[in-house]
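Engineer: Each chain is listed here by its residues.
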Amino acid sequence: MYDAGKIVAGVAIFLIMVTFPIWYVTATGQSSYVPQLEIDPGEEQCVEATDYMKKNHMILLDDWKTMVVRDGISTYAASDGKTYNISLSGTCLSSCHPNKLEFCDSCHTYVGTSPPCWSCHTWSINESQ
Amino acid sequence: MKVNRRGFLKITGLVVAGIAIPPVFKSFARTEASTSLTTQSQSGTNLAMVIRLGICPDGCTDCIDACNKVHNIPDIDNTNHEIKWIWTEHYENVFPEQQSKYIDHSLVELPALVLCNHCDNPPCTQVCPVKATWKREDGIVMMDYHRCIGCRFCMAACPYGSRSFNWGDPRPFVKEPVDPNYPTRTKGVVEKCNFCEERLRDGLIPACVEACSYGALFFGNLEDKDSEVRKLVSTNYTIRRHSNQGTHPKVYYLI
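Chains A and B, in that order, give the protein sequences.
When you line the first sequence up against my numbering, it's residues 1 to 129, in that order.
When you line the second sequence up against my numbering, it's residues 1 to 255, in that order.
If we strip away everything but chain A, and leave its shape as in the complex, we get (with noise of 0.2 Å):
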């Protein structure tokens, strides 16, 4: 290989470059962006237990569409003994997370990804789009 010096270093520039958002993350034990949300004070929880939510509020959801729509049920008993009304706009957007630009979408953004959901369901009353 001619130049093998200078190909091996370059190569070895790149990927540290490439990669250098993950080691930045691994060294400083956080990465320079954390989206903040907006939680109301008034509640401990959500539906189910924070973390769940946090990885499963899709599934949940998914599942909610599921019984409403498909099987006609409109409550939602949680682990806890609460039950909900399951409505995306009249129970989660009205209750505890009116602001969906600083609740949902900050997290949304952040990973890229974008939910059909907001296509048909409302988030605010006074909503113009």
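Calculated directly from the structure, the hints in this document are not laboratory data.
Hints should not be assumed to be uniformly reliable.
[Unchecked claim] No more than 27 Å apart at the CA atoms, straight line, and that leaves these computed lysine-lysine pairs for DSSO-like: (1) 187(B) to 175(B); (2) 65(A) to 101(B); (3) 65(A) to 10(B); (4) 65(A) to 26(B); (5) 10(B) to 69(B); (6) 65(A) to 82(A); (7) 100(A) to 54(A); (8) 175(B) to 69(B); (9) 65(A) to 175(B); (10) 175(B) to 100(A); (11) 100(A) to 187(B); (12) 135(B) to 175(B); (13) 69(B) to 100(A).
[Claimed, not checked] What the simulated footprint calls covered on chain A by chain B, stretch by stretch (three residues with Cβ under 8 Å from a Cβ of chain B suffice, anywhere in the stretch; the number is not a length): (14) 70-78; (15) 113-121.
Idealized CB from N, CA, C, for every residue including glycine.
Keeping the supplied structure of chain A fixed, place chain B upon it in accordance with the hints.
Structural biologist: Relative to chain A, chain B alone:
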């Protein structure tokens, strides 16, 4: 008969293929077409509507407005794109079989309310390739907007034109304020009257029936002998749209 090695393998192969192919074929060709066209409800509930013809005052749109409001139905001027759940048509178009040249002009143009008939034998549900529309146990022909792929087979199958397709995003055409209790729809899905199933869950009656102050609309369970709709249907002459087509519509017109 002498069977050589090659012949034996051929026969074995054919036998294995003969055993293996039918189940594979069956599993791919399986359809869930309804096996019985029974009109009897299994759950003891069969929701229906009775509409009294000729009682609506001129220009009254209370029921239509109420429906449009609770379901966030967009108001689109273009008739090719409009969305309709409940609306009026001239009598002659609603009941083309009931025509006679001697019927008075005023009767021919009598506005008749039309909506999804929530048929007992709905053709729309049978053609839906994704089960986005199906008949519930209580007789409501339901739509799952999440699941609809917008193929419009159901619209082609419905003999009543009760279904509307969202050619574009309906949200800009929904009158403010948008009711957060019912989702708007999105581009590329079919929608229609749902007998206010979301209100029924809360113990309310359909919005159109509630809004009518002239006694033109009745709603209830046909299986319940004491219900108003059952009494009206069993003791009066009623007509149904295209009843010869075997769809068994559940919107009855009192004449």
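Engineer: Now, for every hint given, state plainly whether the structure supports it.
Structural biologist: Structure-based check of each hint:
Of the supplied pair hints, the one linking residue 187(B) and residue 175(B) holds, its CA atoms being roughly 17 Å apart against a limit of 27 Å. Between residue 65(A) and residue 101(B) the CA atoms are separated by roughly 52 Å; this puts the pair beyond 27 Å, and the hint is violated. As the CA atoms of residue 65(A) and residue 10(B) are separated by approximately 53 Å, the hinted pair breaks the 27 Å bound. Our distance criterion of 27 Å between C-alpha atoms is broken by residue 65(A) and residue 26(B), whose separation comes to about 32 Å.
About 70 Å separates the Cα atoms of residue 10(B) and residue 69(B), which puts this hinted pair outside 27 Å; it is violated. Among the hinted pairs, residue 65(A) with residue 82(A) is consistent with the structure: their alpha-carbon atoms are about 19 Å apart, no more than 27 Å. A hinted pair counts as satisfied when its Cα atoms are at most 27 Å apart, and residue 100(A) with residue 54(A) qualifies at roughly 15 Å. Annotation: proposed proximity of residue 175(B) to residue 69(B) holds, straight-line Cα distance about 8 Å (limit 27 Å).
Restraint check: the Cα-Cα separation between residue 65(A) and residue 175(B) comes to about 25 Å, which is no more than 27 Å; the hinted pair holds. Note on residue 175(B) and residue 100(A): the hinted pairing holds, with a Cα-Cα distance of about 22 Å set against a maximum of 27 Å. For a cut-off of 27 Å, the pair hint linking residue 100(A) to residue 187(B) stands: about 22 Å separates their Cα positions. Distance check on the hinted pair: residue 135(B) and residue 175(B) sit about 30 Å apart at the alpha-carbon level, beyond 27 Å; violated.
Restraint check for residue 69(B) and residue 100(A): the C-alpha separation of about 24 Å stays at or below 27 Å, so the hint holds. A stretch counts as covered by a chain when three or more of its residues have a beta carbon under 8 Å from one of that chain; for the stretch 70-78 of chain A and chain B the count is 3, and the coverage holds. For the stretch 113-121 of chain A, the assignment as covered by chain B holds, since 4 residues bring a beta-carbon within under 8 Å of that chain's beta-carbons and 3 suffice.
Consistency note: the structure conflicts with the earlier hints numbered 2, 3, 4, 5, 12.
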